[in-house]
Amino acid sequence: MTYMYYVFNFKPDEHLRVLLGNFDLMPRPSGVGVKYRVVTKKAFGFGKKHTNFLSSNFGA
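FYI, in our numbering the residues of the sequence shown are 397 to 456.
No wet-lab data here; the hints were simulated from the structure.
Just so we're clear, the structure is a prediction, and the values are computed from it rather than from any experiment.
The beta-carbon is built from N, C-alpha and C at its ideal position, and this holds for glycine as well.
Please note that a few of the clues may not be correct.
What the hints assert, rightly or not - Computed beta-carbon distance windows for the label pairs:
(1) Arg433 / His411: 14 to 22 Å
(2) Thr436 / His411: 17 to 25 Å
(3) Pro408 / Gly429: 17 to 25 Å
(4) Lys431 / Glu410: 13 to 21 Å
Construct the complete structure from the given sequences, taking the supplied hints into account.
Here it is, written out as structure tokens:
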């Protein structure tokens, strides 16, 4: 079975977790399962004023 992932950048409260776990609310194609992931860690990127540019191993 294939899965469709929904990623949240915040921690869902108990009510939202119950809704997502017990009811089929999120859109998806038929025959495709659903999984949820909570990501609270900021991803590497080029923020304002290139904040993470020199913190990587580019050209190291």
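A quick look at each hint next to the structure:
1. Arg433 / His411: 14 to 22 Å: Because 19 Å falls inside the window, the suggested range holds.
2. Thr436 / His411: 17 to 25 Å: Distance hint for Thr436, His411 holds at roughly 19 Å.
3. Pro408 / Gly429: 17 to 25 Å: At 19 Å between Cβs, range holds.
4. Lys431 / Glu410: 13 to 21 Å: For Lys431 and Glu410 the Cβ distance comes to about 19 Å; the hint holds.
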